[in-house]
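If you're matching them up, the sequences are chains A and B in order.
Letter by letter, the first sequence follows residues -12 to 336 in the working numbering.
Letter by letter, the second sequence follows residues 86 to 328 in the working numbering.
Source of the hints: derived by calculation from the structure; they are not laboratory data.
Please note that a few of the clues may not be correct.
[Claimed, not checked] If you want the footprint, here are the derived chain A segments under chain B, 3+ residues with CB under 8 Å:
#1 214 to 223
#2 307 to 315
[As the list claims (entries may be wrong)] Counterexamples of contact, computed for chain A against chain B with all Cβ distances above 12 Å:
#3 -9
#4 -4
#5 138
#6 229
Here a beta-carbon is modelled for each residue, glycine too, at the ideal position from N, C-alpha and C.
Each chain, letter by letter, is given below.
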Amino acid sequence: MDIQIASILAVDGIATGAIYVLIALGTVLIFSVTRVMFVPFGDLAAYSALTLAMLQTGQLPGTVMLVSVLAGIALLMELTSHLRAGKAAKIPKAILYYGILPVLPPLIAWLSQGTVLPFWAQMLLALALVLPIAPLLDRIAFRPLADASVLVLLIVAVAVHFAISGLALLFFGPEGYRTEPISRAIFDVGGVIVSAQTLLVVLAAAAFSGLLYLYFERTISGKALKATSSNRLGARLVGIRPQVTGTIAYLLGGLLGGVSGLLIGPVATLYYDSGFLIGLKAFVGAVVGGLASYPLTALGAIAVGLLESFASFWSSQIKETIVFSALIPILIWRSLAAPQHEEEEEDIA
Amino acid sequence: MIQLPQYLLDVCRLSVSYGKVEAVRDVSLHVDRGQIVTIIGPNGAGKTTLLSALMGTLPSHGEVFYDGAALAGTEIEDRVERGLCLVPEKRELFADMPVADNLLLGAYTRRHDAAHVRRSFELVYDRFPRLKERRGQLAGTLSGGERQMLALGRALMGEPRLLMLDEPSLGLAPLIVREIFQIISSLRELGVSILLVEQNARAALETADYGYVLETGEISLEGKASDLIHDARVTATYLGGHD
Ligand SMILES: Nc1ncnc2c1ncn2[C@@H]1O[C@H](COP(=O)(O)OP(=O)(O)OP(=O)(O)O)[C@@H](O)[C@H]1O
Ligand SMILES: [Mg+2]
């Protein structure tokens, strides 16, 4: 391998890693705030890419149906729980948050059927369609189990993943899609060919990570999320509602997942079940950060992208094996580096 | 149910169980506006359990009225919004966040009122200059005494109306204990009512207006703090015999 090939592989690896960064950050965000290992995360990325592909070919994506049905179920659950507790005053808010807001994007998609939307509007619509999925799944599947152990929540998350990717087969069919690239421009950076799409992926990942950082450091809402993950009871004692911070975490996570889907759509052919593998690789990155540290998670995700890129050069057949085998040394390193974490983790469980 | 003198907190026959074990049995007590009321009792008497039930972190039977309205069925967060605040025995600070952020989040229910938040910061830093010095330090790295101050400071940030303190002097050096109790009695001037659970019975009774003795989950004695401090049984059991 000469320096030329190495630099091509590195560029490719960083671009792939940037995608994993977004998904890994979302995974850590949702896990630390809600204790849910959100397995269907990669599926969200696949959903947004496939939804965009459908919109670009002028079809009504199945996401419209999915979001509407999920919103209906969530609204019913919300209404019955309020009525049972005799809190009629909370009903208008419930209708707004579960009955109206989440079904706006499906409604727009449905109404705009037949008209050719501009490129950027299609992307926004695809993103808006994917955005409500995670918070609605939270309301339906996870919130009723708020006090369950991490393991039970994980089992439910796996079940939700199978349901969601099974529905994706129904909605999008078994064939793969590739969406239109945002830009076809190509640059020559010191002999290395870099496409504008690659650059965009890296910039978007950097921008969203930066925004997330600012949100946590500069806003009280972000700090409330941090507080929920730091000490759930402490947060409740100052009046922070874990349901609310959880919903925000799922919304942000959904945004990160959706954006990463839009970014990979043009560079990789995605199938209904592609999301799982993407999510799993991002998870390897998240493990580097111990499912807690955002900067380490981002570094880990980039490392996974690079490893995958070089691994596919050495042997494209076993590149996945190489990536996942990396988990073993990472886990050994983590358990050696942070033995004092054990106590805290028992608290969480 | 009509109550002529409307207490800020009125607890009627409250019981709390852990499974089949009843840790608090038929406890009735009340806190007047602007009063400091203390609950003393031996280890394992059920003091922490009682406060947890009042805050809503444990389920309970019986009636609790706060400011004239029943608390049954309300969430912890609703109680916080209505000015009920607990400094728990374990403090429950945000260990991996700086002191200043811990305090800021103490004012979470008033977060939209920037002037309030600024005022509260001034008040807390004024009372606990140590916290101001250490405002950038992670809460988890504070000393035991500093942690107690932070817990109390975080509670004050929300401008509570009824502050429930679970052993605020736990593990503190005598000098700081005195300081903490001075701060507690000065809170009365701010219009904060206090329900104080303490091992340090003498300091508690000297600070409080009224006191209850909780033993094996039941109230065994109650009265004006100034009377209790001279009561033969209290003196023998909780004040070390001399007096
Ligand atoms: N989670 C629990 N499960 C079962 N029993 C408990 C639990 N928490 C407390 N208890 C028991 O309930 C009783 C009252 O405990 P509590 O913590 O309220 O006592 P306390 O008066 O606060 O004591 P201390 O002064 O030592 O803090 C004790 O016998 C304790 O062992
Ligand atoms: Mg106790």
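Hints, verified against the model:
1. 214 to 223: Answer holds; 7 residues pass the 8 Å Cβ test.
2. 307 to 315: Violated: only 0 residues of the stretch 307 to 315 of chain A have a Cβ under 8 Å from chain B.
3. -9: Holds, since 45 Å exceeds 12 Å.
4. -4: Non-interface label stands for residue -4 of chain A: nearest chain B Cβ at 37 Å, farther than 12 Å.
5. 138: 23 Å, holds
6. 229: 9 Å, violated
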